[in-house]
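Assemble chains H and G onto chain Y, guided by the hints.
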Amino acid sequence: MSSPPSQAALRRLAVTRRIIYLLVAIAVAVPTLSDLACDFKPSPWAEKVFKKVESLKPGSPILLSFDFDPAAMEELHPMGLALLRHCFKNDLHPILMTHWPSGVGISKQIIEKAAKERGKVSGKDYVFLGFKPGDYNLILNMGESLQGAFDKDFYKQPTQGMPALEGVRSLKDIPLVIDLAAGTAIEMWIAYGRDRFGFDLGAGCTAVITPDLYPFLSSGQLIGVLGGLRGAADYETLLKRPDRATKGMQAQSSTHVLIILLILGANVHYLSRRMGAYAKG
Amino acid sequence: MTRRGAARCTAFALGLLLPAAAWPAESAPGLAPPPASSFQAFTHPSDDGQTINLEWGRSRDEASGVYYVVEMASNEADYKAGRFRRVARIPSLAKLKSDEKRLRNYEDEAVNRANKQLHYLAVEPTTAYPDDAKTVRERDCYFRLAIVGTRMTKEKRPKAPEPLPEKPEAKPRMPVLAAAEAKSEEFLKQLESLQGTLTKATETKKSLDQLKRQLDALRQAMAEADKSSESLGQFPAFLGTLARAAEAIEREWRPLATALYLRLVGPIEGQSAGVTVVHDECLGELRALDQALANRGPAALRHEAEHWREQQAQEEAEAKLKAETPRKEEYEEVEVEKDGEPVFVSEGGAPKVVKARATLPPLVRPQAEGFRAFDLPSDDGADIAVEWRRTPSENRRTAYVVEIAEVKDGVPGPFEKAAEVPSLGAEKSDQPKFFGFSEANKLLHCVRVQPAAAFPPDALALRQRVIEEQMAWMPADWAPDTDFPQRLPPLLAALSAYVEAAKGICADIEALRGGLAAKLELADKTFLPELAGYRAYADRLGRFDAHVGSRLADALKDAKQEASRRSYAFRVAIRRGEETLHIQQDNKPKDALAAARPNLFKWFKLNNLVLSLAFCSVVYAFIGLARRNPNLFIRKIAGLDAVEEAIGRATEMGRPVYFVHGLGGMGGLSTIAAVNILARVARRAAEYDTRVRVMNNDPIVQAVSQEVVKQSYTEAGRPDAYNADDVALVAPDQFSYVAAVGGLMVREQPATIFLMGYFFAESLLLAETGASTGAIQIAGTDSYTQIPFFITACDYTLIGEEIFAASAYLSREPKMLGSLRGQDVGKAVVMIAIVAGTLALTLAAALGYDWSIIQKLFEAF
Amino acid sequence: MWYKLTIPLILCFVMGLLAFVHEFVPHPWSAAFREEMTTWFRIMGGFAMFIGLYALLHLHVSRIRRQQAGWGYSAFVFLGAVLTIGAGVFEEIRAAVHDVPESAFSPFDWLYDYVQVPCQATVFSILAFFMASAAFRTFRARNLGAALLLISAVVVMFGRVPISEEVGRLAGAWDIFPRAADWLMEYPNMAVKRAIYIGISLGAISQSLRVLFGIERSYLGGGS
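Protein chains in written order, with the numbering used here: chain Y, 180 to 460; chain H, 1059 to 1919; chain G, 1154 to 1377.
Chain Y extracted, bound-state conformation:
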């Protein structure tokens, strides 16, 4: 067991920590406030999601499940906005819902913003169903009857007979579902949605859980994945509408490079001290 660190060591560490925080703040702020740009090629998995949405005919329904809360907003909000912009550009009928009660406000923000840009009307061009508890039971109910699971939308309009839901009685009538998740909702959609009702499923998630989804990509249970802020930036690039995520990539690049330099610098210092101690014998 290590002995408690001395006060001097703690103070040194505190000063070093503050310098690092300052450097990180500069590394994030400077690219964000400036107009620096960098080109990058979208990942193949993001392209697959994009192409799938692009292949839907105008007027087709598409279900988007925004299963995240404000904590994951920075990564998933730009993703959701880019997806909805794509849907509205291609005159699709997005159906938006969420499994997280704390995600209702963000979902509402996103869809109203995207709809306003194109003059789309709720009930006619899109539906925002809001939140309902039930997790996998809700998915199963939606698989039997969408209008049965959500008899009214978020704005208290009845879903029965809604123009935006024309031809949609259940999940079986929806060709594509995309789930943006900060937790385990994607696995739930795979097990209880895609495998039972046969629609194509795409995913968007925070960067830390992206590796967990690779097995589903290999097995074909997911058509593609948008991983973290990079995934959102990839989608904006494919849509040719760079926005917050693309801008965020510059900050992310500079921060990663800073961390790498700090690590390398610390190791150089460490190794030189060791070699010095070794030379002294």
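No wet-lab data here; the hints were simulated from the structure. These figures come from a predicted structure and were not determined experimentally. Just so it is clear, CB atoms sit at the ideal spot from N, CA and C, and this is done for glycine as well. A hint or two may mislead.
Said to hold, decoys possible - Derived DSS-like pairs (lysine-lysine); straight-line CA-CA distance at most 30 Å:
| hint | chain 1 | residue 1 | chain 2 | residue 2 |
| --- | --- | --- | --- | --- |
| 1 | H | LYS1378 | Y | LYS351 |
| 2 | Y | LYS335 | Y | LYS351 |
| 3 | Y | LYS351 | H | LYS1618 |
| 4 | H | LYS1378 | Y | LYS419 |
| 5 | H | LYS1217 | Y | LYS268 |
| 6 | Y | LYS295 | Y | LYS236 |
| 7 | H | LYS1138 | H | LYS1413 |
| 8 | Y | LYS331 | Y | LYS311 |
To be verified - Facing chain G, from chain H, some residues (calculated, C-beta under 10 Å):
| hint | residue |
| --- | --- |
| 9 | VAL1401 |
| 10 | ARG1634 |
| 11 | LYS1660 |
| 12 | ASN1666 |
| 13 | MET1724 |
| 14 | ILE1758 |
| 15 | ALA1786 |
| 16 | SER1794 |
| 17 | SER1865 |
| 18 | ILE1892 |
| 19 | VAL1893 |
Unchecked claim - Stretch-level coverage of chain G by chain Y, calculated; a stretch enters the list once three of its residues show a Cβ under 8 Å from a Cβ in chain Y:
| hint | segment |
| --- | --- |
| 20 | 1186 to 1197 |
| 21 | 1257 to 1268 |
Relative to chain Y, chains H and G alone:
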């Protein structure tokens, strides 16, 4: 660095290098074509009459970047003149005959092995010669084959124009007169549409009433006929006819009643809501118009509107011209793949040409042998499986049709189509979950039919029954009124008057200065209250509908289960276009009878069950062993060894011990394990008189932690030292929890922090905050994504299963140690299975054996 | 008392056994049982929130009453709770009394958009700073294992950002770093992840067996 270390680094670096891509082959002179004798056309019983089959052997020069080219001449004249058209260019490593499903022989594997040495192509003459589609199939066509290499060259091509960036522009505000006109027209359209829907509702109601009258009349006639039954010889037939007519009318009446009550409610409510919104907007525009008329006068507004319309037209014309004007072309250099000289398959010094025609063989009837229907095993009783043998006539243009009929008193009723599947699909071997991996399954087709889907219960009748049941006991303000149909006429009348008023507004907009809004508000006073009243009623009806819907879901589920239990008869036919051939026995269609039953065991999970029970037995055996021999060896787990010293450190420094539970609920195993560790920590802390603070995120976990800590303090003989406020619910939300715990850490400066349980993104926030206070940190989690953060930020980390071993390790109880040893044995078995299985399958692949049984044994469904 | 221990243990065993059996039985009764249990579990969770709420209020009230260090934060907890609950109740009453247009100001939404969302996003954003300081502090090439970890972390971090493509282009292959990062994540990382998951799963089964058979009883409140 040692030699071994250098070798390891080199191996790692090599492993990091990405495999070199296989670059396409340059066109090489002297490519060897396949043998001429192998290039031929052939027919097959599964031919569909649209395609010509070609096959040829393999060339020794097949590689990436080498292609086979097939050329065709559609008639003798073109063939003699050498006018061949290229119809296919396929990679030389693709399109093997063994890959073509319909040519696969399921009874003779030697044929399939031979097919691996042949290429195959199906050519559709109509696709190659679309201008001659009507006659090309009836003639002999001529084919020749060549092998060709490729090379990459640079070429100048026109650059694709860059699409303009998508930026939605803010639409300019319309002049006030144009806006008012447009909005009024929209309002009128909405009103007319609503009127149309309401009229439909009224007509539906009229049909409903008419049908009800007819039904009552029929019933009356039946009752009268019943009275004079003795004198009529033909009475039973007559009564039967009446009864059937009544039934037919009742069947029609019921859906209309339901449609009127509930189905039109939604659209009407939606539309009326839309009407109200547009009405508000229209009122706003008209008020703005009124104001503008007062300020500027009608002439100025008219002029402004005309000018705006001209501007819009001009902009549209300009945009159209811009789109039609060709852009100046720009060029770019691109690398393209170009074919080299083709080398033809030759015979006698000249390219070999084969002659063939698309033929349609006769459709073969499927055999009666092997045709059966049975309850699908390992399911919940909703499905029946129908299987039959494959036939030679399977291709992409034929399909199998499965028909179903309900059996009553042993006699099948009329047959209906239950499923239609492509003849090249629906194989029994595609469903190993239910039928296993037997090779015999490849000879059979199998389709799952849900009788409840083919004969669904009468949802409308069920709904009616549920409505009647619910109306019997519901409070008055929930149930729909019976006077609902009477509400429609006054609404319709008020709406018609409103439409007339709105029409007048649209026709004479200029003259309404000072009176526009007043006129509309006057019309509002009659229409809007009716609409509001109607909407309130529709809202009530909607609530009732939702309630009925939830009861109906249960009723439908029961009805579907009941429908599934009945007996059904099945027939199978092969269909090609208009021709259909049923499976027959004794010259008539053969019926297979079956009924679905819920099963008690999922046989596809048998391997799971066996492995689970085996593992449990091993654990149990070791628990028994540990009772007899308590001195079982357990390897050191540094994090758990450090627990006592960590608490001692806190005692010496006079600072508290923090125990942070994480975000898991009490149902999580890591939370249960964390609670076990908490018991030991609390007991030791009580003995040392050190304060323990437990940070909870979940109320149930908090309740359990309180009990555990209290009990630990009691066992340590210090029940007085226990403070319930030290085991607190900090915050139920993730980041509120982090902020609170972080703040407490910084203020109270604990000496020791335990981070045990299931964590999400907050793990590094907590660990790094704790590290900044100089506390010693011991973390344990089964959350794979957070382990790296704990490893970097904490002094000790229990990785994955070590947290589950904690209670056994700390208590050293023989029963728990035994279970730990059993778990380790299980892990050893898994490791051996992975290594042995991988080696076995690799060996099998190298030697050409099929040992996929090993893989299938561990298949999970 | 014997029933305080025995009845929970019996309940735990029976329900655990039924949940295990449900995995292997397709009969509709099994599915109905599972659905019923899930519903009851959700109901109990709802009641548990009351317990939590009481515990939270009790803690902060006693802090304020005793004026313990940091009692101002406790007062803030009450202020936040009162404001949020008040905003929600006010909106419900307003909607019940008269029709509220969509564009009307919503205090509850305002609190969500301008207080909760920024606060949660801010706390989550601190992660970036902490990651930098943790990486600086701990990524040292002390031995071979640590050196490998260091190299992998650098490769993955660099490969995930667009600037690596610019650097790769200078070296003649724009995608070398992204592909290296992907390879590390898809192969060694996935292999280790699966190994850890196998260990966790077996440990979880063993732990579950101990809980089911009553060998592990700490969660009941200690005592043997």
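Structure-based check of all given hints:
1. At most 30 Å may separate the alpha-carbon atoms for a hinted pair to count; LYS1378/H and LYS351/Y exceed this at roughly 41 Å.
2. A hinted pair counts as satisfied when its Cα atoms are at most 30 Å apart, and LYS335/Y with LYS351/Y qualifies at roughly 24 Å.
3. Distance check on the hinted pair: LYS351/Y and LYS1618/H sit about 19 Å apart at the alpha-carbon level, within 30 Å; holds.
4. The straight-line distance between the Cα atoms of LYS1378/H and LYS419/Y is roughly 23 Å, inside the 30 Å bound, and the hint therefore holds.
5. About 25 Å separates the Cα atoms of LYS1217/H and LYS268/Y, which keeps this hinted pair within 30 Å; it holds.
6. The straight-line distance between the Cα atoms of LYS295/Y and LYS236/Y is roughly 22 Å, inside the 30 Å bound, and the hint therefore holds.
7. Simply put, LYS1138/H and LYS1413/H have alpha-carbon atoms about 12 Å apart, close enough for the 30 Å limit, and the pair holds.
8. Distance check on the hinted pair: LYS331/Y and LYS311/Y sit about 11 Å apart at the alpha-carbon level, within 30 Å; holds.
9. Annotation: interface hint on VAL1401/H violated; nearest CB of chain G at approximately 35 Å, more than 10 Å.
10. Evaluation of the ARG1634/H hint against chain G yields a violated restraint, the C-beta minimum of about 37 Å exceeding 10 Å.
11. At a threshold of 10 Å, the smallest CB-CB gap from LYS1660/H to chain G is about 5 Å, leaving the interface hint in force.
12. Because the closest C-beta pair between ASN1666/H and chain G is about 8 Å apart, less than 10 Å, the hint holds.
13. The closest approach between the C-beta of MET1724/H and any C-beta of chain G is roughly 7 Å, which is under the 10 Å cut-off, so the hint is satisfied.
14. Hint on ILE1758/H holds. Least Cβ distance to chain G is approximately 5 Å, under the 10 Å limit.
15. Proximity of ALA1786/H to chain G holds as hinted, the smallest CB-CB distance being about 5 Å (cut-off 10 Å).
16. Restraint check, SER1794/H versus chain G: the minimum CB separation of about 8 Å is within 10 Å; hint holds.
17. Taking 10 Å as the C-beta contact cut-off toward chain G, the hint placing SER1865/H at the interface holds, the least distance being around 6 Å.
18. Hint on ILE1892/H holds. Least Cβ distance to chain G is approximately 9 Å, under the 10 Å limit.
19. For VAL1893/H, the interface hint is violated, the least distance from its beta-carbon to any beta-carbon of chain G being 13 Å, above 10 Å.
20. A count of 3 residues in the segment 1186 to 1197 of chain G with a Cβ less than 8 Å from any Cβ of chain Y is obtained; the coverage claim is therefore met, three being the minimum.
21. Check result for the segment 1257 to 1268 of chain G against chain Y: holds, 3 residues qualifying (beta carbon to beta carbon below 8 Å, three or more required).
Hints 1, 9, 10, 19 from the list above are not met by this structure, while the remaining hints are.
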